[in-house]
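There are 2 protein chains.
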Amino acid sequence: MDISKHLINSELDTSDKRPLYMQIAFLIADKIQKQTLPPGIKLPSERELADLFGVSRTTAINAYRQLEQQGLVWTKVGSGTYVSPVRHVESQPEVPWLQLFTPYPQDPLASTLRDLVATPASNTISLAAGLPDPALYPLETFTELFNYHIDRVSPADFGYIPVEGYHPFRKSVAAMLNEKGIAASAENILALSGSQQGLYLVSKILLAPGDYVVTETPTFIGAIQVFQAAGARILSLPCRQNLELLEDYLIRYRPKLLYIIPTYQNPSGRVLPAHERQDLIKLAKRHRLIILEDDPYSELSYDTQPPPALKALDHYEGLIYLGTFSKILCPGLRTGYLVGPPVLINRLALEKQFIDLHSNNLAQWLVTMFLSEGMLAQHLATVRREYKRRRDAMAKALQRLCAGEIEFAVPEGGFFFWCKLKQAGTSQQLLQEAVNNRISFVPGEVFQTVPTNQDKEFRLCFAAHNEAILLEAIQRLAKTLSQIRKKHLSTASPPCSVRPII
Amino acid sequence: MDISKHLINSELDTSDKRPLYMQIAFLIADKIQKQTLPPGIKLPSERELADLFGVSRTTAINAYRQLEQQGLVWTKVGSGTYVSPVRHVESQPEVPWLQLFTPYPQDPLASTLRDLVATPASNTISLAAGLPDPALYPLETFTELFNYHIDRVSPADFGYIPVEGYHPFRKSVAAMLNEKGIAASAENILALSGSQQGLYLVSKILLAPGDYVVTETPTFIGAIQVFQAAGARILSLPCRQNLELLEDYLIRYRPKLLYIIPTYQNPSGRVLPAHERQDLIKLAKRHRLIILEDDPYSELSYDTQPPPALKALDHYEGLIYLGTFSKILCPGLRTGYLVGPPVLINRLALEKQFIDLHSNNLAQWLVTMFLSEGMLAQHLATVRREYKRRRDAMAKALQRLCAGEIEFAVPEGGFFFWCKLKQAGTSQQLLQEAVNNRISFVPGEVFQTVPTNQDKEFRLCFAAHNEAILLEAIQRLAKTLSQIRKKHLSTASPPCSVRPII
Numbered sequence: 001m002d003i004s005k006h007l008i009n010s011e012l013d014t015s016d017k018r019p020l021y022m023q024i025a026f027l028i029a030d031k032i033q034k035q036t037l038p039p040g041i042k043l044p045s046e047r048e049l050a051d052l053f054g055v056s057r058t059t060a061i062n063a064y065r066q067l068e069q070q071g072l073v074w075t076k077v078g079s080g081t082y083v084s085p086v087r088h089v090e091s092q093p094e095v096p097w098l099q100l101f102t103p104y105p106q107d108p109l110a111s112t113l114r115d116l117v118a119t120p121a122s123n124t125i126s127l128a129a130g131l132p133d134p135a136l137y138p139l140e141t142f143t144e145l146f147n148y149h150i151d152r153v154s155p156a157d158f159g160y161i162p163v164e165g166y167h168p169f170r171k172s173v174a175a176m177l178n179e180k181g182i183a184a185s186a187e188n189i190l191a192l193s194g195s196q197q198g199l200y201l202v203s204k205i206l207l208a209p210g211d212y213v214v215t216e217t218p219t220f221i222g223a224i225q226v227f228q229a230a231g232a233r234i235l236s237l238p239c240r241q242n243l244e245l246l247e248d249y250l251i252r253y254r255p256k257l258l259y260i261i262p263t264y265q266n267p268s269g270r271v272l273p274a275h276e277r278q279d280l281i282k283l284a285k286r287h288r289l290i291i292l293e294d295d296p297y298s299e300l301s302y303d304t305q306p307p308p309a310l311k312a313l314d315h316y317e318g319l320i321y322l323g324t325f326s327k328i329l330c331p332g333l334r335t336g337y338l339v340g341p342p343v344l345i346n347r348l349a350l351e352k353q354f355i356d357l358h359s360n361n362l363a364q365w366l367v368t369m370f371l372s373e374g375m376l377a378q379h380l381a382t383v384r385r386e387y388k389r390r391r392d393a394m395a396k397a398l399q400r401l402c403a404g405e406i407e408f409a410v411p412e413g414g415f416f417f418w419c420k421l422k423q424a425g426t427s428q429q430l431l432q433e434a435v436n437n438r439i440s441f442v443p444g445e446v447f448q449t450v451p452t453n454q455d456k457e458f459r460l461c462f463a464a465h466n467e468a469i470l471l472e473a474i475q476r477l478a479k480t481l482s483q484i485r486k487k488h489l490s491t492a493s494p495p496c497s498v499r500p501i502i
Numbered sequence: 001m002d003i004s005k006h007l008i009n010s011e012l013d014t015s016d017k018r019p020l021y022m023q024i025a026f027l028i029a030d031k032i033q034k035q036t037l038p039p040g041i042k043l044p045s046e047r048e049l050a051d052l053f054g055v056s057r058t059t060a061i062n063a064y065r066q067l068e069q070q071g072l073v074w075t076k077v078g079s080g081t082y083v084s085p086v087r088h089v090e091s092q093p094e095v096p097w098l099q100l101f102t103p104y105p106q107d108p109l110a111s112t113l114r115d116l117v118a119t120p121a122s123n124t125i126s127l128a129a130g131l132p133d134p135a136l137y138p139l140e141t142f143t144e145l146f147n148y149h150i151d152r153v154s155p156a157d158f159g160y161i162p163v164e165g166y167h168p169f170r171k172s173v174a175a176m177l178n179e180k181g182i183a184a185s186a187e188n189i190l191a192l193s194g195s196q197q198g199l200y201l202v203s204k205i206l207l208a209p210g211d212y213v214v215t216e217t218p219t220f221i222g223a224i225q226v227f228q229a230a231g232a233r234i235l236s237l238p239c240r241q242n243l244e245l246l247e248d249y250l251i252r253y254r255p256k257l258l259y260i261i262p263t264y265q266n267p268s269g270r271v272l273p274a275h276e277r278q279d280l281i282k283l284a285k286r287h288r289l290i291i292l293e294d295d296p297y298s299e300l301s302y303d304t305q306p307p308p309a310l311k312a313l314d315h316y317e318g319l320i321y322l323g324t325f326s327k328i329l330c331p332g333l334r335t336g337y338l339v340g341p342p343v344l345i346n347r348l349a350l351e352k353q354f355i356d357l358h359s360n361n362l363a364q365w366l367v368t369m370f371l372s373e374g375m376l377a378q379h380l381a382t383v384r385r386e387y388k389r390r391r392d393a394m395a396k397a398l399q400r401l402c403a404g405e406i407e408f409a410v411p412e413g414g415f416f417f418w419c420k421l422k423q424a425g426t427s428q429q430l431l432q433e434a435v436n437n438r439i440s441f442v443p444g445e446v447f448q449t450v451p452t453n454q455d456k457e458f459r460l461c462f463a464a465h466n467e468a469i470l471l472e473a474i475q476r477l478a479k480t481l482s483q484i485r486k487k488h489l490s491t492a493s494p495p496c497s498v499r500p501i502i
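In order, the protein sequence lines correspond to chains A and B. For the first sequence, UniProt numbering assigns the number 1 to the initial residue and increments by one for each residue that follows. For the second sequence, UniProt numbering assigns the number 1 to the initial residue and increments by one for each residue that follows.
If you're looking for bench data, these hints aren't it; they were derived computationally from the structure. Don't take every hint at face value.
Said to hold, decoys possible - Taking lysine-lysine and the DSS-like style, the derived pairs with C-alpha atoms no more than 25 Å apart in a straight line are:
id : chain 1 : residue 1 : chain 2 : residue 2
1  : B       : K76       : B       : K34
2  : B       : K76       : A       : K180
3  : A       : K388      : A       : K486
4  : B       : K31       : A       : K388
5  : B       : K388      : A       : K17
6  : B       : K76       : A       : K285
7  : A       : K17       : B       : K180
8  : B       : K388      : A       : K282
9  : B       : K171      : A       : K31
10 : A       : K76       : B       : K282
11 : A       : K171      : B       : K17
12 : A       : K171      : B       : K31
13 : A       : K76       : B       : K285
14 : B       : K180      : A       : K34
15 : A       : K171      : B       : K34
16 : A       : K17       : B       : K171
With the hints as constraints, model all of the structure from the sequences given.
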């Protein structure tokens with residue numbers, strides 16, 4: 001095999017500024033990796049290589065030396081330079097990475113969340129992720145804001161800014177909250193890289209291994225994971241929670257935190273009634289319980305206004321509030337915020353600086369402009385109108401096609417129908433069948449704080465698709481339900497068990 | 001005092017969708033907080049309030065009930081409703097936040113970093129933060145990218161994306177790295193919310209309390225802090241490091257990690273010579289040492305090209321590489337990246353999802369466009385030309401005005417002059433005087449891995465200001481140096497000491 005034909009017609013790029021020996025080494029490395037130059041083959045001598053590229057012999061020697069250091073070629077003294085045998089890096093790692101990593105508490109759930117966030121397979125209708133419809137993202141408005149307002153901003157605003165956030169953003173968010181009855185000024189606001197970061201930061205500064213945290217069950221999986229990763233033990237409040245059970249927990253276990261989504265809860269869609277909110281605050285004050293109120297959906301109401309946020313009901317300073325622009329504007333902004341007393345904001349900021357110095361200020365500026373130019377109200381009116389239509393379409397389709405097999409309540413806001421199988425089988429089994437019919441959703445066990453494989457509940461997101469697609473999805477679901485019924489699945493699937501490996 | 005005059009002429013906003021009682025309560029709460037309605041004053045009766053606003057008595061009762069729950073008013077049975085006494089929340093906290101927080105290892109350094117990142121006082125020329133000049137941020141180009149390309153992108157790209165990053169971003173970064181001789185494909189790239197996040201994530205998955213980490217000294221303070229916050233012990237390699245000391249550390253302490261900035265080091269400006277890079281890689285391979293190579297400045301070369309990155313020299317998979325667009329485009333993008341084997345990327349992503357789900361995809365898209373439209377080379381040419389002029393201007397001014405009092409080397413790239421006082425006194429003392437002359441910089445002790453107050457070194461950033469301002473800054477520095485000399489400061493300032501409080 002004449003190697004030179006593979007090298008002679010390759011030309012070096014004259015605009016390339018790297019040293020010549022690196023360019024030649026890179027070119028040869030490329031051909032070795034593509035196996036144009038296969039393992040074991042003898043390469044041109046240093047002199048031949050120099051001639052082929054019209055470079056000095058030193059350059060040729062340096063090129064081979066670099067390839068040798070990369071393990072791509074080897075030199076047999078007195079014989080020449082040869083392409084090295086193929087290395088199977090993955091199967092024989094030089095560095096035992098997996099043994100070097102710190103212990104990771106909970107792989108399975110974590111990867112479930114990742115799958116939800118990842119892009120679904122094509123031709124499957126995904127009702128899984130809690131995703132606003134991309135067609136409604138205000139990208140044109142963002143372009144307009146750049147065109148009309150970027151000249152008026154000081155470029156220094158896009159340099160490094162204080163950890164707590166872009167000051168005009170903190171002021172605008174405070175003003176927006178004031179309109180909703182939440183007392184806050186800029187110093188009460190911490191800008192976040194999405195409200196997920198608020199869960200992480202609060203866990204980091206409040207939770208030590210073994211601490212108790214109370215959450216609703218079912219609830220947002222991302223929160224459970226963060227608390228568990230901090231070593232916390234979870235106490236569950238069933239969805240139709242009663243405050244007696246909570247008070248019992250408070251007295252017996254002295255939990256560090258209550259995590260709650262009072263409005264259009266994820267996944268159940270439930271709204272905590274106004275009087276229960278007031279009772280909850282009173283109980284929290286009595287026990288000095290820290291409440292972490294997560295409120296991503298309250299602006300997405302389709303019938304009546306929901307009750308005011310817990311944070312609006314009282315100046316109890318043990319209440320931490322989390323908000324986000326991911327559901328109402330677009331997730332890609334990665335812009336949320338936390339509301340709390342300055343002593344808390346300060347401590348969270350000390351932690352946040354290690355994580356990302358501060359949140360994206362380009363996105364904070366866009367949101368600030370959106371708010372200060374008064375564009376939010378109009379945008380909310382548009383998305384509410386559209387999502388209400390979708391909610392109604394899905395309710396109608398479920399009622400017409402699936403009411404025999406599942407129970408569900410029509411949510412007054414948010415993104416989700418929370419459904420329960422009436423018939424035999426679990427939602428896990430339903431999902432396995434559903435995927436064959438090219439529809440996916442989230443089985444209920446993912447939202448449970450205690451592992452189970454008996455769950456009959458599941459979550460459908462109606463926000464991400466238009467009415468025609470939603471109808472098609474529910475038709476596929478109905479087909480799946482009928483297939484399942486015919487299979488006569490046992491209601492008694494095997495219980496959870498732990499088998500030692502012997 | 002007739003209260004009604006404060007309430008009668010206030011009108012409720014008919015477009016406000018909140019319940020009337022909330023609107024009224026909010027209006028009164030506002031006047032209480034502004035002390036238009038001072039503490040102790042009697043409010044209108046429920047009937048009067050109803051008349052004033054033209055609402056039902058139930059609405060008036062509910063408004064007062066809400067204010068009562070917020071602690072803003074109180075009801076004296078048989079007498080009426082009164083504004084509560086002023087509450088001093090900060091001085092008498094309901095929740096003892098400071099006692100609830102998890103221990104925080106190292107306040108002083110952390111707040112130093114925050115001060116560097118925060119905006120400096122006006123009329124002081126800050127040579128402190130390692131900040132590119134805001135006048136050079138490509139904001140116009142960003143606007144153009146929105147105008148010409150936003151239509152061509154799928155809006156779903158601005159929804160939730162995989163934790164590892166926006167795929168076109170990962171591909172573009174890999175292609176950019178290939179041109180620099182670094183072998184990488186998209187699966188080797190993790191998008192980061194700034195390269196600071198890479199330091200945090202790597203610490204999180206590799207370091208347990210008590211582990212050893214080797215760093216250069218002086219080095220980037222943000223890295224030291226993150227390693228120390230993870231409970232690591234720092235082993236220092238002096239700036240003109242020798243590999244014998246490193247090998248000694250490797251054998252004696254088996255460190256988990258070497259952190260190094262090989263090119264235009266922060267703060268020293270030093271470039272690790274090519275042959276030392278090769279020797280370092282060989283040593284690392286022999287000991288399976290993980291190297292974390294931080295490379296924010298290598299594109300900012302003003303004389304000759306720097307040697308290739310460590311990551312370009314070898315396929316040793318124990319080498320983790322960190323890059324960022326903060327110094328070459330703009331910090332507000334908060335967009336950096338980590339390069340490593342897929343097994344590492346996967347584990348880091350599991351950790352990152354808890355922190356922020358994924359990095360800002362709007363910014364990742366902007367950077368991708370910047371790269372794929374070939375705009376980076378031109379932008380780099382502009383900033384290199386400008387920063388080179390500034391470097392030269394500062395070198396000239398320092399030589400002319402300060403050469404008697406300080407030593408310094410002219411850096412070949414990056415942002416910093418690293419200077420050393422020849423005369424009596426420490427850089428801390430110099431800074432205290434300098435601030436009076438309206439110039440600031442970073443004293444060397446901030447970059448030391450071991451606390452000291454004897455340091456005579458300090459860092460000047462030349463990137464953030466134009467030549468005229470730099471000249472003015474060095475004139476102020478020269479004035480400060482001459483003032484210090486006249487003060488006959490003792491070279492022997494008191495050594496570090498720890499005094500027990502008794």
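Cross-check of the supplied hints:
Taking the CA atoms of K76(B) and K34(B), the gap is near 23 Å; set against the 25 Å cutoff, the hint holds. With a C-alpha separation of about 29 Å, the suggested pairing of K76(B) with K180(A) is violated against the 25 Å cut-off. For the hint pairing K388(A) with K486(A), the CA-to-CA distance comes to about 34 Å; that exceeds 25 Å, so the pair is violated. With a C-alpha separation of about 37 Å, the suggested pairing of K31(B) with K388(A) is violated against the 25 Å cut-off.
At roughly 18 Å between alpha-carbon atoms, K388(B) and K17(A) fall within 25 Å of each other, so this suggested pair holds. About 22 Å separates the Cα atoms of K76(B) and K285(A), which keeps this hinted pair within 25 Å; it holds. At most 25 Å may separate the alpha-carbon atoms for a hinted pair to count; K17(A) and K180(B) meet this at roughly 9 Å. Among the hinted pairs, K388(B) with K282(A) is inconsistent with the structure: their alpha-carbon atoms are about 64 Å apart, more than 25 Å.
A C-alpha spacing of about 20 Å is found between K171(B) and K31(A), which places the hinted pair at or below 25 Å, so the restraint holds. Using a Cα cut-off of 25 Å, the hinted pair K76(A) and K282(B) holds, with the two alpha carbons roughly 20 Å apart. In summary, the hint linking K171(A) to K17(B) is supported, as the alpha carbons are separated by about 23 Å, within the 25 Å threshold. Restraint check: the Cα-Cα separation between K171(A) and K31(B) comes to about 20 Å, which is no more than 25 Å; the hinted pair holds.
Straight-line distance between C-alpha atoms of K76(A) and K285(B) comes to about 22 Å, which keeps the hinted pair within the 25 Å bound. With a C-alpha separation of about 19 Å, the suggested pair K180(B) and K34(A) falls inside the 25 Å cut-off, and the hint holds. Under the criterion of a C-alpha separation no larger than 25 Å, the hint pairing K171(A) with K34(B) is consistent with the structure, at around 18 Å. With a CA separation close to 22 Å, the supplied pair K17(A) and K171(B) stays within the 25 Å bound.
In summary, the numbered hints that this structure violates are 2, 3, 4, 8.
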